[in-house]
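So in this note's numbering the end of the sequence shown lands on 152, straight run, no missing numbers.
Hints in this document: simulated from the structure, not taken from any laboratory. Treat each hint with caution, since some may be false.
Stated by the list, open to error - Distance ranges between label pairs, derived from CB positions:
| id | residue 1 | residue 2 | range |
| --- | --- | --- | --- |
| 1 | Glu147 | Gly62 | 22 to 32 Å |
| 2 | Gln56 | Gly101 | 52 to 62 Å |
| 3 | Gly99 | Glu52 | 53 to 63 Å |
| 4 | Ala61 | Gly99 | 17 to 27 Å |
Claimed, not checked - SDA-like cross-link-like pairs, simulated, lysine to any residue; straight-line CA separation at most 25 Å:
| id | residue 1 | residue 2 |
| --- | --- | --- |
| 5 | Lys144 | Ala88 |
| 6 | Lys144 | Ser41 |
| 7 | Lys44 | Trp151 |
| 8 | Lys44 | Lys143 |
| 9 | Lys144 | Asn36 |
| 10 | Lys144 | Pro35 |
| 11 | Lys144 | Glu40 |
| 12 | Lys143 | Ala88 |
| 13 | Lys144 | Ala80 |
| 14 | Lys143 | Ala61 |
| 15 | Lys144 | Ala53 |
All of these numbers come straight from a predicted model, not from anything done at the bench. C-beta: ideal position from N, C-alpha, C; glycine also.
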Amino acid sequence: MKKLRISSAVLAVLMLSACSSARPVLYPNAQLESVGKDGAERDIEACRQLADSAGAEEGSGGGKTGRVATGTAMGAGVGAASGAVGGAIFGGAGLGAMVGAASGAVWGLMTGLFHAVGASQPNQTYTNFVNRCLQKKGYEVTGWQ
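Let's have the full structure, built from the sequences with the hints guiding it.
Laid out in structure tokens, this is it:
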């Protein structure tokens, strides 16, 4: 029961951190100094909403899910193949393939999840749109994080 609670907590943290999105980092120029951090945050949000309304999508959550699923499937395939080879050498190709597929799937799932965690980077069109909007407002975007 304790393992289930710990696993649930870890999964919740992973899911929450995967939902965080990258934000533009602004160079401390005259515009940023004159409006302050709160004013800059409002301008960033306004530019993000403008990008959304223009049809620029921040990112695709399905892309992250797809990468995790692909990693899981590839891990299962590689694990099954290597398990079958190892099993054939030692006299149990079927069992070796089954064990290899299971362990490969777990490995693929875990590596996919760890790669999906963290700030998701918006697509290039979205970042270009927001960068241009902020530039027109007088800001200098140094990057996204």
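Status of the hints after comparison with the structure:
1. Our hint of 22 to 32 Å for Glu147 and Gly62 holds, since their Cβ atoms are close to 26 Å apart.
2. At roughly 56 Å, the beta-carbon separation of Gln56 and Gly101 lies within the given 52 to 62 Å, and the hint holds.
3. For the pair Gly99 and Glu52, the supplied restraint of 53 to 63 Å holds, since their beta-carbon distance comes to about 60 Å.
4. Range check, Ala61 to Gly99: Cβ separation about 59 Å, and the 17 to 27 Å hint is violated.
5. Proposed proximity of Lys144 and Ala88 is contradicted: the alpha carbons are some 56 Å apart, above 25 Å.
6. Proximity of Lys144 to Ser41 is assessed by CA-CA distance (about 12 Å); at most 25 Å being required, the pair is judged to hold.
7. Of the pairs offered as hints, the one joining Lys44 and Trp151 holds, with about 16 Å between alpha carbons and a cut-off of 25 Å not exceeded.
8. With a CA separation close to 18 Å, the supplied pair Lys44 and Lys143 stays within the 25 Å bound.
9. Simply put, Lys144 and Asn36 have alpha-carbon atoms about 12 Å apart, close enough for the 25 Å limit, and the pair holds.
10. Under the criterion of a C-alpha separation no larger than 25 Å, the hint pairing Lys144 with Pro35 is consistent with the structure, at around 14 Å.
11. Between the alpha carbons of Lys144 and Glu40 the distance comes to roughly 13 Å, so the proposed pair stays at or under 25 Å and holds.
12. About 55 Å separates the Cα atoms of Lys143 and Ala88, which puts this hinted pair outside 25 Å; it is violated.
13. Using a Cα cut-off of 25 Å, the hinted pair Lys144 and Ala80 is violated, with the two alpha carbons roughly 46 Å apart.
14. Distance restraint check for Lys143 and Ala61: the Cα-Cα separation of roughly 16 Å lies within the 25 Å cut-off, and the hinted pair is therefore satisfied.
15. In summary, the hint linking Lys144 to Ala53 is supported, as the alpha carbons are separated by about 11 Å, within the 25 Å threshold.
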